[in-house]
Structure formats: structure tokens, C-alpha cells
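*Asks:* Given chain A, put chain B in place with the hints provided.
Heads up: the sequence lines are chains A and B, in that order.
Residue numbers for the first sequence follow my numbering, so the first one is 1 and each next one is one higher.
Residue numbers for the second sequence follow my numbering, so the first one is 1001 and each next one is one higher.
I should point out that these hints are in silico values taken from the structure, not numbers from a laboratory.
All residues carry an ideal CB built from backbone N, CA and C; glycine is no exception.
Heads up, a few of these hints could be off.
Said to hold, decoys possible - Simulated restraints, written as ranges between beta carbons of each label pair: (1) Thr-231/A - Gln-1007/B: 45 to 53 Å; (2) Lys-1092/B - Lys-247/A: 20 to 28 Å; (3) Ser-1035/B - Thr-352/A: 44 to 52 Å; (4) Gln-1100/B - Pro-372/A: 31 to 39 Å; (5) Leu-1028/B - Ala-439/A: 47 to 55 Å; (6) Lys-1092/B - Asn-254/A: 46 to 54 Å; (7) Ser-1002/B - Asp-230/A: 30 to 38 Å; (8) Asp-484/A - Leu-1028/B: 49 to 57 Å; (9) Gln-1100/B - Ser-239/A: 37 to 45 Å; (10) Ala-439/A - Ser-1035/B: 25 to 33 Å; (11) Gly-1020/B - Asp-317/A: 41 to 49 Å; (12) Thr-231/A - Ile-1004/B: 31 to 39 Å; (13) Val-1051/B - Ser-239/A: 31 to 39 Å; (14) Asp-317/A - Gln-1100/B: 37 to 45 Å.
What the hints assert, rightly or not - Going by beta-carbon spacing under 8 Å, a handful of chain A positions derived as facing chain B: (15) Glu-12; (16) Lys-158; (17) Gln-256; (18) Asn-259; (19) Glu-267; (20) Ile-298; (21) Leu-537; (22) Leu-540.
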Amino acid sequence: MSMRGLTAFITELRNCKTDEEEQRRVNKELANIRTHFKDKKLSGYNRKKYVSKLIFMTLAGYNIDFDQKIVEDLVRSEKYSEKSIGYLSFSVMIQEQTNITKNLYNAILSDLTKTSEVGTCLSLHAISMIDKEKIAKLVYETVYGMVISYGLQNYQKKKAALCLSILIRRFPQLLKDKAQCEELISYLNHSHLINISNDFSEDYLYHSIPAPWLQIKLIRILQYLKPPTDTESLQTLESIIQSIFSKISIYKPNLQSYNIANALIVEAINLTIHLGNPKALFSSSLSILGKFISARDINLQYIGLDAIGHLASVSEDFSVFSKYKNNVYASLKFPDISIQSRAIDLLFAISTIETAKETVEKLMKVLRKVEPSKSGDLAAKIAILTEKFATEYTWYVDVMFELVSYSGNKIDSNIWQRVIQVVLTHEELQRYAVKVSLASIKPKIYLDAVKVHVYFIGELGHLVAAESDYAPLIQLEILDAAADFYGQPIHSMVATAICKVVSHFPEISEEALKILEKIKQSSTIPIQQKINEYIALIKLGKPNMLQAIFTNVDSPVYLDPNITKKLLLRSKSIGDRRTWVPESRILKNEDSNLHNHVSATNKTKPLSNAIKDTIVSVEDLQSYYNNLLWDREGRLFVNEDIEIKVRIESSPPRAKLFVEIVNITAVIIRQFEVKISQYEFGSNESDKNSNLDDSPQEGLQFIKSGYRRSLHSDLKLLPKIHLERTFDFVCNSFFDSVPELELSYLNESMGTRNTVKLPVPINFIHFIEPVKLSKEDFMSRWSQLKGSSYENSSIFSPNTKLVSEHESKIPKEAIATANLDQSNESSIQETENQLKNMSLDTESFEPSPFVETSKEPSPAQTISGNNLKKDIHLFFALSKVVFPSLGFFEVEGVDPDPESFVGVGIATTKNSGRFGTLLRFELDSEKSLAQLTLRATSPEISSYISKQLTKLFGK
Amino acid sequence: MSKIVLQRRPKDCNFVEYQGSKIVYRNLYFIASVSQDENELLMLEVIHRYVEILDKYFGNVCELDLIFNFQKAYFILNELVMSGELQESSKKAILRVTMQQDEIEQFENSERGWGELNLDGVAKSAILSVKEFKQSFTR
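Bound conformation, chain A alone (with noise of 0.2 Å):
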């Protein structure tokens, strides 16, 4: 049995006192070992002998190459007690990844087909150890063999038939059809392999649980078949988790049975998640779990709050995880780390916007004590969880900055890029981002939090230097001071900082150019370098070039997916299907790609990158379109998850373009992206191109210069939150058509990316301004533009609709005049009459232009309904409203009529110059019928407005 040499040996080891000498021992034992295996003639006793000294070094450490002619003279020993040595070292070789020669193989292979029993289980087991296809393939038919022979000792056909199904687990390619499967599968009903029968023998009863591990596997087979669609099944299932769930002990009476029962129960929570999560199963496998974390014994702890995680990995509802969170916070400070991880990972898993902030404190704290392998990992979980649930901005930067300032430990440099990214792409935290930073310039904090700040001022100091506190002088004084405190590893990105506030405030040169000489004396020499050239083009003089310089000096940023992801990588093994990832829901909103299962074989499932493409045209929204002619500010688009409200502000022949956008839904909506599509923003590089700008000179033109990618695509719209972005355009000349206005987002449930194209909504009627003409002016360009080239004129019912639509914008006195009675019309009927006569005498050389127009509506005897005629009224009355929004100046007095507009605008193009529009708009209250006549210095412009106008107006 024992060697004495090998006792003797042990014991020495044992003996040694300190490490040197054990290792002193272990040289001197590995040079004899060495002179012996020279000896041709050595003894299969010592050979086994030397081997197991060489093992024994081995497992304490050392390491040691063995000699693999001897392993496979053993091996191939007849005697069991040498043949078993040689396996166990080929055992530790394979561990220790040794690389086996082909002898080896071929000693190992040989002993499976050997008429000895001994042999061929040591083969077979060495065979489930090699993990190589070459030497499967070999085997497998002789395995295969053993397994459904007849003439083999079941305990040799136990191994053989464990060794076959490890095989196969790990190359499924070795089974060769399904014949051979059925083959398998009769065979298995054979009671010596597998014994399920009731009277199971005494042998199999652990601790009075009958095959524990028979029932598991069992449980864990369930797992990987398709759940039962009909009820029976579904139904015995049920009933079986329901008994498992019953034996349920949560005190020991007997360690082993109090284990299994419960090993069992977290099993019986993974089926019961196979299924589903029948309703009343979930809610039991939810009441354990709570018993489970809140138990004395540390082992439960930790597989509830492993076994809740899986449980909230698959859950929509995070609601009910809620009420076990203060157990959960409370597993958080203790101090077995891996209790305290699984805590982390759940409460990340189930983080809801109503308790991320409770949590993330909560994580915050523990972060500040964590050790610090662990310590990245949590830092990367709060980064996530911040940005993912947060509703105010403040606190997202508040976290975020006291993240990047914890000094602890180096944080991943993943999480200040982070930061970087997500203030530089969302305006509305500028700001308050910008603020912090300069008030968090102190002495003593952690110098990836300095750099952080110094270019926030640097990149947004301007946004705040309007505020007193926040001056440009203050912001300088700021980055001196951290040049102070910090030294040389900050002072390149002071300098560019210093340069960036100076591009935007010429007026503090002076002050710039002192602190950068300051500076520079006790920089190292390339950075004295760099401070000498921004010194030299400060004192250019030159602004404009300084702000070219030193906008956007850093290539664009971009919101980076992919940090998240690598946030995220961390540790986690790929796993048996099973295996819940604490981020796995965070990770399939992240990536749609990832999102879409491989195992998606139902087909009627939208594919992941799907397009939906909403083509919206201008009839569909036309009275939006329409309000935002003269209302400028308004609705322009909404559908189920988003709403589109626009506001124009033009100054011809420029205009800017306000599109807010709300998530109206109840869920975070990614991969948000607005563009104006008119243009294709493709690579970084051509980004930078653009702005040699080569597109066409005339019509509606998008201003490229300000538009920042990052800034438009990949956003992330947090629910109710409103965000605005802003477009330039420039009016170049005269057009119809317009650019697109492109929104795409990803539709989570629905596994599609829409995108939605609305024309964009400014419209050449925005470049028109009024612009102030007396009467007579009016009335010498009235009649220039006679004729029928100028002239467009147009005959329509008026949509009296539109008074209900805007009854606010209709002044309250024209509200009264309508409801006058008949009566009272009457007298207003004679003032008419009398400006009538007015308008005649100052027209005493020319005749009234409107007289011509024979087309007017006679005012026959139309019975119309008071009614009616009130909308009428009214209609008028908000028309006045209407056109001076629309750009015309009422000319007074020119029209005889009372209810007429005449007026006069001017539209201004950057390239075709301007262009006059005169006005005229009568209104026949007893025909309801509106005449619109439109006279421009261009025929097109005529056209087009009263075109535009009709639209409008009418029905």
C-alpha cells in the first residue's frame, strides 16, 4: 500500500522549517530523482515510488515536469498499484495543462480494450479528462460499445456510460444519427443504470432523502426540455414544486437533510422560472426566498439573494422585489464579500426609478469601504444605475462627480470618459455641470476628477460666464489655482482650458497671457512648448481665429455605447443557459443585436434591426404644419412613444429651428437619433468636411456648423423628460420643398428601429416680414404688380373651424362685436360707409385699386343663419390675428370693405435678394366665401403663398 520512501519524504517536508529549506529538499529529492530515472534497469516499484514523490510536489505547489517515458511505463504496468500512479500523474499533468505525448495517448488508449477491469476504468476515466476531439473520435465507438454491451460488470458500465455522456456533452457531434440516439435512450431504461424504481436500495438514501442527486438531475433534465403546454403536465409539475416547496426548514436538525431539502427548493425556483412563473408558484418561490435572506444561516443568505436575482432577471415587474430590499441592504454591510456581491448584483438587478437613488447612496457607501478588487466593478454598477434612472440632472452630476472624486481606489478610466460623454452630449447638464466643476477645484482630490473638471471649464465655461459668481476673470483665477495645487501633471490641460474661456472672452487677454507665463516657468519642456504657441496666437489678436483654434479642439465625442458594455464585462463566465448575469437586462437595451435571440426561431418575431419607417407627409399633420405658419410655436408630430413641439425663430434670411422631443411613454427610449436628412452625416470625417460646404446655394438650406453629431444621435430619452435640440437654416432663395427632419429610435418591446420623417416645418412664408408702407406706397406697388404674371388670386370657403381652434388668440372686443345683434350692425354698417368715403377721397387720382376686381362676391340676398354669420365674424376676426403673425403689415384704410386685410410684407432671400408680397383678403359674410389675392414681385412667390394661404384658410 504505502511506500516507505514516499512516507519518509513527507514527513521530511513536514519537518522543514522554513520555506528555503523545504525547497532545499525539494531540490535535492528532484536530482536523485533525476540520476534513478537514468537507470534502464529502474524497478516498476520505484518508478511508482519516484512518480508519487513527484505528484506529492506537486500538489504542494511546486512545479514540477514529469518524465512522461516513466508516466507511460507505469501506465502501461500490469500491476494495478504502479498502472494507478501513472493515471493519477497523467491526472495532474492534464491539469496543469502539460502537453501530452502521443505515447501517453496511446499507453492510456490501449487499456480501455485490455481484458482487465482495473485498466479499462482508469482509461475511462482518463478519457473524460481530455478535453480533445481527436482522441474522442477515437474512443467514442468503443465507449459506445461498452455502454450497450451485455457482457460488462455494471460498475464498469456506470463509467463507461458516464464517460460516453461527457463525450458527448462536449463534442455532440460524435453521436452519428438518431438511430444511435434511440439506441441510447432504450438503453437507459435498463435498471442497472439508471434505478428509479420505488424500492431504490438502503445504499441510496442520504440522510434519509432518497437519491438526492438522482432528483435533482431530474429537476435540473426538466430545465432543458420545453415547458408542457397542456394543463396536465403542467399541472403534476406544479404540484411537485408546490411538495418540494413544503419541506421547506430553515432550522437544522440535521445539517445534510436540512441542505438537500433546500438545494432542492432552489432548484424547484429554477423550474419553477422554466415555466414561466405560474402565478402562484412565482409568488411562493418569492415568499422562500424572503425567508431565505433573511435566515441565521449565511449559506441560505446567499443562495436567496443568488436565487432572487434570477428571479428579477426574468420579471418585467420590479414592484414586488421591493419589499424585501431593506434585508437586502442590510445583507450590503456585511462582511463575507461574497454575500455583499450578491447583494450588489440584485440590487442592481432590481433597481427601479422610484429606489435607484435610495440604492446608489446606499452602494455609494459601501463603495467607500469595498476592497479594492471589488471596488471598479461596483463603481461601473452606480455609473450604470445613475445614468439609467436618473430624473434630475443635478443628481446625475452630483454621483457622477463625487464617483470620479472618490480616491479610494483608481477608478476605471471607462467612468470618466463616461461622464465626459454623456455631459457633452446632453445641453440641459451643462450648466449645472460646469458649476460644480468650478467649484470643485480644491486642493487634495483625486487628480482624474481635477482633469475632469479643468475641461469642463475649459469646454463650457462660457455657457455660465454671464453669472457674476462664474465670470470668465473667476473661471481663470479657478484653473490658476489648480495649476497651484496640481503641478505639472495638470498643466497641459489647464493651458488649453485657459485658452478655450479666452477664445470666448477676448476682453481677459491680458490676465490669460500672466497666468500662462506663470505657468510655464515651471512646466517640463514640451508643455512650455505647447504654452509658448497658445501665448503667441493669444496675442495675434485675432478672436475669430482663436475660437476656430479652440472650439472644438478635441475630436467630436460621441456617446459611446460600447463603455457601458465594457463597464459591464466583468467576470462573468458564459455559463449554462441558466446562469442569470446581474446586467443581462441592462446589456439587451444597450445592444438591440444582442437583444435578438439566436434562438429566435419563431419566425413571425420582428428581426432585431428591423426598420420601421413612418413616412410622414405634410397632408397628415397639415393643420400642425398649418398653426405653425403663423403660431411659429407648437405640436408638429406625436405617436405612442414620442412628441415632437417645434418653435421657429426666424430673422430672414435665417431661421432656427427648436424641435423639443418628450418620451411620452412610461420607459427609457434609446438609440434616439434627430437628424436633418437632407444631408448624410457619415463618418467623423466628413463631419469635419462638411463645413466646406458644397451643397447647393439656393432654397432651404441647413447650416451645418453648429451641428454636433453626438449631440443628435445615440441619446437616451428618459420618460417625460423633455429635450431640445436646434437646427439653422438659411434661406437662400426661394423654395417649395424642404428638408427632412429624420427621428429613428429603438422600439424595445418591439424589437424594431422606427423612424419617423416629417418634412421640416419651416416654410418660405417664415422669411416674409412685415414691413410698414402708408396707404399710398401700398396702393403705387399695387398697382406695378397688376397683371395676371404677379397677380395670383384665389376664391375659397373659409374653415370657420379654425375660430373654435384659437378662440384665446381672438381678441375679446372682436368676441363682442360678433355678438352684437342685427340692430347695432347696422350703425357699424354707416362708420363703414363713412371710411368708404374716406378711403375714396384720398384716392382722388387713381382709382381704387380694388375697384377692378370684378371677381368680388355680389352680395346676394343669401339667407343665412345668424350663426353662421357670427363665425364669419369671427373667422375675420382671427384672420387680423393671423397675418401680421404670418409676416404682413396691415396697411390701414385701403380697403373699403370692413371686412377685408390688406397688408405687406417682405420677403428676404440670402442670394435672390428680396422679394414684396402685397396682400388682399375679403371675406363675403352672407356667401361665406373668402377672396385672396396676392401680388409679389415674383410670379412664384404669388403662387406659392396663396397657395400656402388657402391651405390655411380654407376648408
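*Replies:* Just chain B now, kept in the frame of chain A:
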């Protein structure tokens, strides 16, 4: 791996995550590295079963038994698990096979020539002859 287990306090749970897998341990001598989805409690009981068998075999197993008879401990483990898969959970069956192996070894040892005689073998046959000797008296 043993370093990590060494750092654990007695009150801590028996599971530690380590490089993408899980460590389930009973004490410093019984450490199993399992995949993330393994049932930890069940693994703990595999270890327990192993300890029960060792106990039976060595008779109240102690640290020294395992150190000086490491190969035997491995041979027994080979009857319990194969490549990480539980192979046989019956204590009786495992001990029976182990005893058979011991018999083969004893037989091989007794066959050995004097030149490479193992003293244990001598001692055992000596004890045997003493027993026979005593028996001859009692008869």
C-alpha cells in the same frame, strides 16, 4: 484558490465567486470549483459524502491521513466523481470498490520478490502469523 479560502472568516458562507466560476468549500481540504449555475448546496453535500466515505475508510479521517495517503484519497474520489460528474453516491458501493483495489494491491505486494519487499507487507504478514499463532493456542 486556497489563498482565497484561507482569507474567509468562519462566519462567512461556504461560497466564493472566483474568475467566472464558483468555489464551494468545506474547509481548506475540500474545495470544489464549479460553474456559476451549479447548485451550491448540493455540491456541499457531494463534499460531505466524500468526507463520510473517507471517514469510514480511514476511520475518523484526519489531516495526516490525507497528506500521507493522498493517492488513496484521489482513488476514492475517482469512484465518487468522474470529470466533475457525480458517478456513484452510494457509500457502500464506493467502499466495496476501494476495498477490492486494496486487495489487488496487497496481492501484488505479496507477489513481489524479497528484493523489493515492502516492510508494510512484511509487517502485515507478521501480524497475520501472530494472529494464527494465537489462534493455534486458543484452539
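*Asks:* So, for every hint listed, does it hold in this structure?
*Replies:* Hints and how they fare:
no. : hint                               : result
1   : Thr-231/A - Gln-1007/B: 45 to 53 Å : 52 Å, holds
2   : Lys-1092/B - Lys-247/A: 20 to 28 Å : 26 Å, holds
3   : Ser-1035/B - Thr-352/A: 44 to 52 Å : 30 Å, violated
4   : Gln-1100/B - Pro-372/A: 31 to 39 Å : 52 Å, violated
5   : Leu-1028/B - Ala-439/A: 47 to 55 Å : 53 Å, holds
6   : Lys-1092/B - Asn-254/A: 46 to 54 Å : 20 Å, violated
7   : Ser-1002/B - Asp-230/A: 30 to 38 Å : 51 Å, violated
8   : Asp-484/A - Leu-1028/B: 49 to 57 Å : 54 Å, holds
9   : Gln-1100/B - Ser-239/A: 37 to 45 Å : 44 Å, holds
10  : Ala-439/A - Ser-1035/B: 25 to 33 Å : 49 Å, violated
11  : Gly-1020/B - Asp-317/A: 41 to 49 Å : 30 Å, violated
12  : Thr-231/A - Ile-1004/B: 31 to 39 Å : 48 Å, violated
13  : Val-1051/B - Ser-239/A: 31 to 39 Å : 35 Å, holds
14  : Asp-317/A - Gln-1100/B: 37 to 45 Å : 58 Å, violated
15  : Glu-12                             : 12 Å, violated
16  : Lys-158                            : 7 Å, holds
17  : Gln-256                            : 6 Å, holds
18  : Asn-259                            : 5 Å, holds
19  : Glu-267                            : 6 Å, holds
20  : Ile-298                            : 4 Å, holds
21  : Leu-537                            : 52 Å, violated
22  : Leu-540                            : 58 Å, violated
Going through the hint list in order, the structure does not satisfy hints 3, 4, 6, 7, 10, 11, 12, 14, 15, 21, 22.
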